[in-house]
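A.B. asks: So the chains spell out like this:
Protein chains: 4
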Amino acid sequence: MLKSQVTFKKEYLVVAQNVSGRNLNVPVYRFKSNVAGPKVYIQSSIHGAEVQGNVVIYHLIQALQSAPLKGEVILIPNCNPVGSNLKSGEYTLGRFDPVNGQNWNRAYHFDQASLDQFIQQVDENADIKLLKARFREHVKQGIDEVLAREWGVGLAQQLNLKLQRFAFDADIVLDLHNGPVSTRHIYVPEYARESARFFNIPHVILIPNLFAGALDEATFCPWWTLQQQLTDKYPQRDWQFGVEAFTVEMGSQEVIDFQAGQQDAQSILSYLSAKGCFAEPLYTPQNMQRHTVYLKDYKILFSQVGGIVEYLAKPGQRVKRGEVMARVLNIDELEDKRAVSEIKAPCDLIPILHFPSASVLGGTQLYKCFTQYFEL
Amino acid sequence: MLKSQVTFKKEYLVVAQNVSGRNLNVPVYRFKSNVAGPKVYIQSSIHGAEVQGNVVIYHLIQALQSAPLKGEVILIPNCNPVGSNLKSGEYTLGRFDPVNGQNWNRAYHFDQASLDQFIQQVDENADIKLLKARFREHVKQGIDEVLAREWGVGLAQQLNLKLQRFAFDADIVLDLHNGPVSTRHIYVPEYARESARFFNIPHVILIPNLFAGALDEATFCPWWTLQQQLTDKYPQRDWQFGVEAFTVEMGSQEVIDFQAGQQDAQSILSYLSAKGCFAEPLYTPQNMQRHTVYLKDYKILFSQVGGIVEYLAKPGQRVKRGEVMARVLNIDELEDKRAVSEIKAPCDLIPILHFPSASVLGGTQLYKCFTQYFEL
Amino acid sequence: MLKSQVTFKKEYLVVAQNVSGRNLNVPVYRFKSNVAGPKVYIQSSIHGAEVQGNVVIYHLIQALQSAPLKGEVILIPNCNPVGSNLKSGEYTLGRFDPVNGQNWNRAYHFDQASLDQFIQQVDENADIKLLKARFREHVKQGIDEVLAREWGVGLAQQLNLKLQRFAFDADIVLDLHNGPVSTRHIYVPEYARESARFFNIPHVILIPNLFAGALDEATFCPWWTLQQQLTDKYPQRDWQFGVEAFTVEMGSQEVIDFQAGQQDAQSILSYLSAKGCFAEPLYTPQNMQRHTVYLKDYKILFSQVGGIVEYLAKPGQRVKRGEVMARVLNIDELEDKRAVSEIKAPCDLIPILHFPSASVLGGTQLYKCFTQYFEL
Amino acid sequence: MLKSQVTFKKEYLVVAQNVSGRNLNVPVYRFKSNVAGPKVYIQSSIHGAEVQGNVVIYHLIQALQSAPLKGEVILIPNCNPVGSNLKSGEYTLGRFDPVNGQNWNRAYHFDQASLDQFIQQVDENADIKLLKARFREHVKQGIDEVLAREWGVGLAQQLNLKLQRFAFDADIVLDLHNGPVSTRHIYVPEYARESARFFNIPHVILIPNLFAGALDEATFCPWWTLQQQLTDKYPQRDWQFGVEAFTVEMGSQEVIDFQAGQQDAQSILSYLSAKGCFAEPLYTPQNMQRHTVYLKDYKILFSQVGGIVEYLAKPGQRVKRGEVMARVLNIDELEDKRAVSEIKAPCDLIPILHFPSASVLGGTQLYKCFTQYFEL
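Heads up: the protein sequence lines correspond to chains E, P, B and Z, in order.
If you use this note's numbering, the first sequence closes out at 378, no skipped numbers anywhere.
If you use this note's numbering, the second sequence closes out at 378, no skipped numbers anywhere.
If you use this note's numbering, the third sequence closes out at 378, no skipped numbers anywhere.
If you use this note's numbering, the fourth sequence closes out at 378, no skipped numbers anywhere.
The set of hints was computed from the structure by calculation and includes no laboratory data.
On a predicted model such as this, the values are computed, not experimentally measured, just so you know.
Hints should not be assumed to be uniformly reliable.
No distinction is drawn between identical chains; accordingly, a pair holds when it is met within one copy or between any pair of copies.
[Unchecked claim] The calculated lysine to aspartate or glutamate pairs, modelled on EDC-like cross-linking and capped at a C-alpha distance of 16 Å, are:
| # | residue 1 | residue 2 |
| --- | --- | --- |
| 1 | 131 | 240 |
| 2 | 12 | 337 |
| 3 | 164 | 126 |
| 4 | 12 | 334 |
| 5 | 12 | 335 |
| 6 | 41 | 126 |
| 7 | 11 | 338 |
| 8 | 316 | 259 |
| 9 | 11 | 334 |
| 10 | 11 | 335 |
| 11 | 164 | 147 |
| 12 | 277 | 240 |
| 13 | 235 | 335 |
| 14 | 301 | 350 |
| 15 | 12 | 338 |
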């Protein structure tokens with residue numbers, strides 16, 4: 003067996019410019035092997051308050067320094083310096099641009115018309131490797147055209163596109179997030195559902211081929227579309243591109259935990275091992291239950307009333323229809339039975355995350371829940 | 003001529019519930035004539051910092067108290083008590099829900115599938131008045147179904163739908179807004195472009211039949227779709243429903259001006275006069291230039307850099323390609339020529355509004371501009 | 003023994019007016035016995051994110067409905083409707099006025115000159131009960147004069163003074179708060195240190211006779227000053243007024259817990275029992291260690307650097323000098339030893355609370371700690 | 003006459019560290035002459051939304067490049083990179099630390115006890131120049147001790163102290179600010195009132211020797227105290243130190259204007275000319291009225307109600323007692339006379355600034371006004 007030589011490089015990528023006129027950059031860590039293998043892209047904290055992914059990347063970098071890597075791994079921690087640095091009160095207002103409400107994870111590039119155009123020109127006998135390379139260039143050229151627009155580009159979009167240029171070169175893309183108060187879960191494109199078994203993550207959401215702006219979708223939707231359309235057109239050939247992308251939700255926002263981060267890193271290394279990123283597997287996945295839903299069955303439970311809430315149902319716990327999930331205190335009726343009202347589960351479900359504050363207006367997302375779930 | 007009798011009524015509509023568990027309501031002012039005429043719905047301040055519309059409604063109510071009204075006018079000032087009350091620093095953070103970034107003017111109801119279903123059942127010889135009534139019931143039932151969902155509804159959507167239930171009953175819907183630092187302008191559905199002549203507003207944006215979540219679209223898109231599909235299906239009949247909806251931008255946010263508000267009210271009364279809302283016209287439109295663009299030519303100029311900006315091009319002013327629109331100060335190079343950089347017009351244009359703060363990050367919307375504009 | 007008759011009354015107190023021009027009121031719950039006894043005032047949530055006190059008041063009200071009360075108890079839950087309703091992102095920006103940064107618990111009334119003037123006129127043989135009544139009137143008149151100022155009064159001050167008018171009538175004032183992530187602790191004026199034994203609260207901070215704006219100080223400083231100056235002037239008499247005031251910190255902000263709230267209520271009822279508020283004691287205090295510091299030894303540990311922090315030292319835990327309290331991740335040096343730096347205890351201490359977010363700028367209050375603590 | 007040689011130098015001063023763990027620095031521009039003269043320190047934008055001072059510094063630097071300077075001028079534009087970069091909505095939340103409400107201009111160093119101690123050791127015959135140098139070292143050592151505290155220092159204090167180290171070396175300190183919507187005005191220590199004639203600023207506030215945390219006070223209070231105490235102690239000597247400090251308010255926040263900035267710069271150069279900073283005067287002060295008040299007569303007019311406000315009285319305009327200064331719209335009573343209420347001037351006054359938003363809660367600072375004003 004050939005011994006792999008791994009080169010390590012650290013660069014800085016400018017992703018934005020602040021009010022002081024200063025460039026904001028992020029570190030880009032790169033491990034590259036002389037042995038061929040998949041190209042991997044991992045980023046964390048596109049939502050500024052979701053910081054555990056930075057710890058996971060720390061542990062990944064520790065592990066990669068001595069791992070028998072094949073291919074290449076690029077890691078960008080803390081990839082949104084604008085969002086990370088937005089304190090409002092003691093917390094981090096990191097999910098959207100404070101100027102216009104734009105979610106930091108919704109402005110990646112996807113251009114259906116340009117895809118269609120590309121696909122029309124693909125030959126039945128196209129070499130897969132060359133086709134992949136050409137497709138990458140095509141999509142990245144589209145990104146560059148947006149970035150070069152004479153009228154300019156919005157902040158979130160700029161930030162997203164500069165990251166996406168790296169991500170779209172990769173075969174494997176992991177976007178590390180956190181929920182508010184949350185158990186670990188993962189978003190998986192339906193075509194890659196088998197890969198969910200390689201992560202040690204007990205809750206899996208299967209998502210369809212629909213682009214809604216996020217990095218995972220911006221990565222897999224083009225490839226999935228390419229595969230589907232070529233299969234329709236040339237059904238006799240097996241069109242497989244081997245590109246996968248996941249949003250991995252590493253527990254709760256606003257906290258970090260080094261020990262949990264080490265386990266999160268092992269879970270990712272287990273997946274990368276299964277995908278052939280190492281000369282020999284570093285970790286194997288745990289034998290565990292993986293509760294799974296289709297995206298349409300991943301439901302939001304809104305508060306009907308405003309008030310102060312105790313969250314009784316804990317993320318990850320199975321709840322039966324009719325069980326009390328939360329209690330709301332009514333400060334105007336503290337002397338009688340109307341003081342406390344109960345919010346009950348509309349069906350059997352598993353709460354995956356809940357709102358991080360006891361204080362809610364009517365219409366707040368209290369819980370996001372698995373319904374109609376099944377084992378993978 | 004029969005003298006009209008006008009009844010005045012004031013009610014309160016609960017639109018949300020706050021953290022204290024208290025209902026938040028808004029006043030609903032209603033003028034109803036015993037003489038038949040169009041039904042009009044006017045609201046203001048769905049974006050909390052855009053307050054001039056409240057002054058306009060004040061002047062409208064003054065005028066309506068002695069006007070020979072036909073039909074009915076419903077006015078809801080300050081229709082978003084959550085957004086209005088969100089101070090962050092000295093300003094009002096009123097454009098989106100501070101919890102999740104949801105724009106307060108993007109969660110109205112529009113259900114294409116349900117429209118298609120309704121239209122399929124329309125008879126070629128349907129009575130227009132009855133058809134309108136049935137269509138209204140159909141759409142409002144759709145709204146009610148959303149509001150009654152077992153899992154609940156988000157705050158912005160709740161607020162929007164409760165208002166839309168009133169608006170969808172109307173033949174004329176005016177949603178009063180402001181820009182950041184802005185000249186007066188109006189969004190007009192392409193099919194109703196002739197109506198733009200009845201307002202004293204010098205800048206007109208023609209918008210297509212595409213729903214993007216706002217109240218004007220949520221009002222006219224269903225009717226426009228109904229008209230188009232019935233015309234396609236039964237081309238021999240002239241399908242006209244006479245429903246119009248406009249977003250009217252009354253100058254700059256964060257300020258009110260009673261005198262300007264009186265003129266704004268007269269502009270609206272001039273339009274309502276033309277639409278037959280009064281036994282005799284109250285006002286006639288001014289003879290004026292109306293610069294007009296298609297929505298696709300209403301362009302955003304983003305800052306390419308971060309810094310501190312002087313806005314030289316004023317809203318409403320004609321700017322030639324290459325003219326300097328803004329200057330940006332670079333605090334790191336104050337001793338040499340790089341201290342001040344210039345932002346130039348990419349083409350001939352009219353700036354309609356600009357960002358309200360001198361301090362911008364790269365990727366900020368500096369200006370929104372009319373390009374390729376023409377006279378109405 | 004005479005059986006006490008307790009009357010219950012609920013009123014609403016207007017404390018502010020919002021941007022919509024609407025009065026904001028709070029409920030005032032009042033239990034009054036026909037048997038003489040101390041007058042008690044309890045409020046919660048002057049800081050909007052500190053909501054557990056509302057649950058405690060709920061449990062107190064439950065208990066008071068059947069308790070053999072002497073005297074009177076007034077309870078105002080959720081006493082700051084402005085602060086409670088200020089969401090910024092998912093959290094509540096409740097500690098200060100978002101317009102000007104004014105802490106909601108720093109604008110109570112205290113007028114040293116007016117106190118001095120009053121005290122000069124006190125006679126050596128003054129009847130204590132009458133003196134107390136006259137003093138209350140004097141201070142409340144001062145409050146009323148501020149509220150009636152021709153030029154108006156700031157929002158936080160208005161809110162504070164309207165509440166203080168109730169509080170200054172009381173013999174016992176409890177202001178229920180929460181820390182960020184916090185263990186239970188209590189602020190006690192040095193002269194009332196023995197009363198700390200009546201609460202089941204393991205951490206006690208003894209504070210001097212210095213007014214810094216908070217309700218507890220605004221309550222006890224005048225009485226303490228009165229007592230000290232009269233004792234200086236007429237040392238032969240024992241000047242005791244029996245007024246006590248405490249800020250009680252009921253754990254962490256942004257969460258409520260009904261079960262813990264019941265224990266918090268019992269702790270308060272145990273104190274009130276000891277103070278003769280009931281014909282027979284409802285609860286007796288637990289036998290427990292009460293770690294105590296002087297305010298000067300209650301120290302803030304600031305972060306020297308910015309970064310992402312894991313809080314290892316938990317509130318309430320004893321920490322030895324030199325032990326690692328927190329770890330900070332440096333995203334720029336993830337590949338070597340500088341990746342993680344440690345923050346060590348500068349001396350033996352007990353962390354009482356820590357910052358609620360992992361993301362900190364340099365100069366953030368990481369921990370507040372008991373140093374030089376002793377047993378009460 | 004000896005020709006002055008001026009050296010120019012630009013350095014960067016680290017003033018804070020952000021959540022990404024990165025140093026935030028500010029540029030320090032330095033002009034130093036080989037001819038002796040006063041040492042001048044000028045900073046701008048300690049409040050992040052008050053940006054006009056940066057333009058003024060730009061024009062000052064342009065002028066200093068060819069001016070016959072004596073002594074030294076240090077200029078630090080945009081001196082608070084944390085505050086400048088805090089967008090909340092479209093505006094800049096720049097007046098206080100968003101984490102804890104701490105005003106960015108209230109944490110400078112002043113230690114009365116340490117001053118007293120220093121003054122006790124001053125000899126009657128002390129050489130003024132040596133005394134000044136020793137005093138500077140003494141105060142700066144106090145600053146360094148705070149910065150070196152084992153438990154760390156808060157963010158605003160760190161930032162303030164790092165700037166104050168530069169400022170306390172200077173004979174002349176100018177802190178450039180803006181009001182909300184404001185006319186130009188200047189804060190002047192009472193002892194330096196004659197210097198107000200050298201600025202072209204029509205509104206002058208005379209402030210006493212009381213430290214409230216701001217940079218101007220932190221500069222002049224120690225010197226004033228030194229002078230007063232030495233004069234008390236050794237009345238036969240004339241103790242003059244020639245140190246002056248001013249807060250200069252350059253119009254309204256959130257806007258910049260290069261042309262006005264040039265005039266502001268000329269006003270400052272006129273003052274510096276009068277103080278002997280140039281071999282020959284660059285500018286002489288304009289002949290103009292200078293309305294002046296004592297700080298106690300600079301009064302805040304609070305809104306008694308919440309609502310939407312039109313500001314009729316413009317900054318700088320003379321208003322007679324009883325004149326209407328503002329109108330408030332009441333959205334609940336638009337149909338009758340209660341729709342609009344008026345706020346009247348409580349006495350003859352000049353409004354200097356008003357609140358920058360039409361939307362106010364009850365208790366908002368509507369106006370700050372000169373009352374009892376006189377000509378300088």
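A.B. asks: Does each hint hold? Answer for all of them.
C.D. replies: Do the hints match the structure? See the list:
1. 131 <-> 240: within (14 Å within a copy, 57 Å between copies)
2. 12 <-> 337: Classified as between: cross-chain Cα gap 9 Å, same-chain 63 Å, threshold 16 Å.
3. 164 <-> 126: For residue 164 and residue 126, neither the intra-copy (33 Å) nor the inter-copy (54 Å) Cα distance is at most 16 Å.
4. 12 <-> 334: Classified as between; 9 Å across copies, 58 Å inside a copy.
5. 12 <-> 335: between (60 Å within a copy, 9 Å between copies)
6. 41 <-> 126: neither (26 Å within a copy, 61 Å between copies)
7. 11 <-> 338: between (66 Å within a copy, 13 Å between copies)
8. 316 <-> 259: Cα proximity of residue 316 and residue 259: across copies only (13 Å, versus 19 Å in one copy).
9. 11 <-> 334: Between copies only: 12 Å across, 61 Å inside.
10. 11 <-> 335: between (63 Å within a copy, 12 Å between copies)
11. 164 <-> 147: within (12 Å within a copy, 42 Å between copies)
12. 277 <-> 240: neither (19 Å within a copy, 63 Å between copies)
13. 235 <-> 335: neither (66 Å within a copy, 49 Å between copies)
14. 301 <-> 350: within (12 Å within a copy, 49 Å between copies)
15. 12 <-> 338: Only across copies: residue 12 and residue 338 sit 12 Å apart there, 63 Å inside one copy, limit 16 Å.
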